[in-house]
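Engineer: Sequence:
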Amino acid sequence: MKSLIAVIFALLPSFVFAAGGNVQLNDMKVDLEDTASLQRGAKYFANYCMGCHSTKFARYNRVARDLGIPDDVMMDNLVFAETKIGNLMEIAMRPEDSKKWFGATPPDLTLVARVRGADWLYTYLGSFYADETRPYGYNNTAFKDVGMPHVLAGLQGKQVKGCAPVVIGFDPLTGQELKEDSCARTDDAGHPVEVLYLEEEGQLNAAEYDKAIADITNFLVYMGEPMALERKRIGFWVLLFLAILFVPVYYLNREFWRGIH
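The numbering of the sequence shown is our numbering, which starts it at 64 and goes up by one.
I should point out that these hints are in silico values taken from the structure, not numbers from a laboratory. Just to be clear, a hint being listed does not mean it is correct.
[Said to hold, decoys possible] Beta-carbon label-pair distances, calculated as ranges: (1) Arg197 - Glu145: 28 to 36 Å; (2) Glu240 - Val310: 56 to 64 Å; (3) Asn110 - Ile307: 46 to 54 Å; (4) Tyr314 - Val86: 50 to 58 Å; (5) Thr146 - Asn316: 54 to 62 Å; (6) Asp94 - Lys224: 25 to 33 Å; (7) Thr196 - Asp250: 15 to 23 Å; (8) Thr146 - Leu303: 41 to 49 Å; (9) Cys246 - Arg125: 47 to 55 Å.
[Stated by the list, open to error] Taking lysine to aspartate or glutamate and the EDC-like style, the derived pairs with C-alpha atoms no more than 16 Å apart in a straight line are: (10) Lys106 - Asp139; (11) Lys224 - Asp244; (12) Lys274 - Asp94; (13) Lys147 - Asp134; (14) Lys221 - Glu271; (15) Lys295 - Asp94; (16) Lys207 - Glu257; (17) Lys224 - Glu262; (18) Lys221 - Asp273; (19) Lys274 - Asp182; (20) Lys274 - Asp90; (21) Lys119 - Glu288; (22) Lys221 - Glu263; (23) Lys295 - Glu96; (24) Lys224 - Glu257; (25) Lys207 - Asp194; (26) Lys221 - Glu195; (27) Lys207 - Glu195; (28) Lys106 - Asp129; (29) Lys92 - Asp273; (30) Lys224 - Glu195; (31) Lys106 - Asp135; (32) Lys224 - Asp194; (33) Lys224 - Glu263; (34) Lys119 - Glu153; (35) Lys242 - Glu257; (36) Lys92 - Asp182; (37) Lys147 - Asp135; (38) Lys224 - Glu264; (39) Lys224 - Asp208; (40) Lys221 - Glu264.
In this text, a Cβ means the ideal position worked out from N, Cα and C, and glycines have one as well.
Given only the sequences and the hints, what does the whole structure look like? Please build it.
Structural biologist: Structure representation (structure tokens):
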């Protein structure tokens with residue numbers, strides 16, 4: 064039995080790797096104390112994502128309170144359905160309709176950041192590229208053959224996948240970037256290395272778009288655990304209490320064992 068358990072734990076990393084795919088993830092700096100970022104993320108999510116994706120384990124008034132948004136502002140700017148401020152954040156689209164249109168029912172995103180991780184989510188939002196072979200004209204390097212349209216294309220512009228100059232280092236004398244064509248290199252399978260690059264700019268430039276998807280990711284991390292900051296605050300005082308309690312418990316234990324030793 065012990066040998067079987069050991070084998071299972073040894074294979075777990077392989078299963079996880081296979082489920083996640085061989086994707087190079089970008090680093091996402093989560094900051095749940097950045098209220099402005101959370102508010103912007105909520106705005107982008109409500110405007111671009113909630114047409115298809117619900118967050119049905121959260122309520123509008125709880126999000127408004129946590130993010131410092133007055134109820135009337137929340138209702139006027141972030142709630143587009145005929146609903147009340149205390150209701151769950153559900154959508155009007157019926158599952159049977161969405162399955163017919165997209166081939167699968169779009170998942171609820173309340174816990175997506177906890178399931179996938181902030182780095183994956185941030186990478187996914189920045190990895191759409193034009194692909195005429197796909198039903199909605201876009202594919203994704205983080206989620207091959209994704210079934211959803213690129214709803215943020217208007218903000219990002221047209222990103223494509225192909226050969227493009229990439230930075231390989233810096234000149235030691237001038238400090239200037241040294242570049243070469245990405246396809247001059249090959250991957251482990253011997254295929255030319257293609258990269259994502261912006262062919263047409265959208266409403267936002269590259270830096271602004273990166274900030275926008277970081278805000279969305281930040282918001283979804285908050286949605287996955289609204290009590291995260293409170294948990295950490297309470298945890299500090301619990302650890303402090305235990306540290307103080309250790310002193311009298313230590314001396315009490317020594318006193319109990321004095322007669323035995």
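Engineer: Hint by hint, note whether the structure agrees.
Structural biologist: The hints, checked one at a time:
The hinted range of 28 to 36 Å is satisfied by Arg197 and Glu145, whose Cβ atoms lie roughly 34 Å apart. Hint check: Glu240 to Val310, Cβ distance near 58 Å, so the stated range 56 to 64 Å holds. Our hint of 46 to 54 Å for Asn110 and Ile307 holds, since their Cβ atoms are close to 49 Å apart. Tyr314 and Val86 have their C-beta atoms about 54 Å apart, which keeps the hinted 50 to 58 Å range intact.
The hinted window of 54 to 62 Å between Thr146 and Asn316 holds, with their beta carbons roughly 58 Å apart. As the Cβ distance of Asp94 to Lys224 is approximately 30 Å, the hint placing it in 25 to 33 Å holds. For the pair Thr196 and Asp250, the supplied restraint of 15 to 23 Å holds, since their beta-carbon distance comes to about 21 Å. In this structure, Thr146 and Leu303 meet the distance hint of 41 to 49 Å, their C-beta atoms being roughly 42 Å apart.
Between Cys246 and Arg125 the beta carbon distance is about 50 Å. The supplied range of 47 to 55 Å therefore holds. A hinted pair counts as satisfied when its Cα atoms are at most 16 Å apart, and Lys106 with Asp139 qualifies at roughly 11 Å. Of the supplied pair hints, the one linking Lys224 and Asp244 holds, its CA atoms being roughly 13 Å apart against a limit of 16 Å. A C-alpha spacing of about 13 Å is found between Lys274 and Asp94, which places the hinted pair at or below 16 Å, so the restraint holds.
The straight-line distance between the Cα atoms of Lys147 and Asp134 is roughly 10 Å, inside the 16 Å bound, and the hint therefore holds. Taken as a hint, the Lys221 and Glu271 pair is honoured in the structure, with Cα atoms around 15 Å apart against an allowance of 16 Å. For the given pair, Lys295 sits about 13 Å from Asp94 by alpha-carbon distance, which is consistent with the 16 Å threshold. Taking the CA atoms of Lys207 and Glu257, the gap is about 15 Å. The hint holds against a cut of 16 Å.
For a cut-off of 16 Å, the pair hint linking Lys224 to Glu262 stands: about 10 Å separates their Cα positions. Taking the CA atoms of Lys221 and Asp273, the gap is about 14 Å. The hint holds against a cut of 16 Å. For the suggested pair Lys274 and Asp182, the alpha carbons sit about 14 Å apart, so the restraint of at most 16 Å is met. Among the hinted pairs, Lys274 with Asp90 is consistent with the structure: their alpha-carbon atoms are about 13 Å apart, no more than 16 Å.
At most 16 Å may separate the alpha-carbon atoms for a hinted pair to count; Lys119 and Glu288 meet this at roughly 14 Å. For a cut-off of 16 Å, the pair hint linking Lys221 to Glu263 stands: about 5 Å separates their Cα positions. With a CA separation close to 12 Å, the supplied pair Lys295 and Glu96 stays within the 16 Å bound. Note on Lys224 and Glu257: the hinted pairing holds, with a Cα-Cα distance of about 6 Å set against a maximum of 16 Å.
For the suggested pair Lys207 and Asp194, the alpha carbons sit about 11 Å apart, so the restraint of at most 16 Å is met. A hinted pair counts as satisfied when its Cα atoms are at most 16 Å apart, and Lys221 with Glu195 qualifies at roughly 12 Å. At roughly 14 Å between alpha-carbon atoms, Lys207 and Glu195 fall within 16 Å of each other, so this suggested pair holds. With a C-alpha separation of about 14 Å, the suggested pairing of Lys106 with Asp129 holds against the 16 Å cut-off.
Taking the CA atoms of Lys92 and Asp273, the gap is about 12 Å. The hint holds against a cut of 16 Å. Taking the CA atoms of Lys224 and Glu195, the gap is near 12 Å; set against the 16 Å cutoff, the hint holds. For the hint linking Lys106 to Asp135, the alpha-carbon distance of about 14 Å falls within 16 Å, and the restraint holds. Under the criterion of a C-alpha separation no larger than 16 Å, the hint pairing Lys224 with Asp194 is consistent with the structure, at around 9 Å.
Between the alpha carbons of Lys224 and Glu263 the distance comes to roughly 13 Å, so the proposed pair stays at or under 16 Å and holds. For the given pair, Lys119 sits about 5 Å from Glu153 by alpha-carbon distance, which is consistent with the 16 Å threshold. Restraint check for Lys242 and Glu257: the C-alpha separation of about 15 Å stays at or below 16 Å, so the hint holds. Note on Lys92 and Asp182: the hinted pairing holds, with a Cα-Cα distance of about 8 Å set against a maximum of 16 Å.
Pair hint Lys147 plus Asp135 holds up; C-alpha atoms about 11 Å apart against a cutoff of 16 Å. The suggested pairing of Lys224 with Glu264 holds, with an alpha-carbon distance near 15 Å, which does not exceed 16 Å. Of the pairs offered as hints, the one joining Lys224 and Asp208 holds, with about 14 Å between alpha carbons and a cut-off of 16 Å not exceeded. For a cut-off of 16 Å, the pair hint linking Lys221 to Glu264 stands: about 7 Å separates their Cα positions.
Of the numbered hints given earlier, the model fails none.
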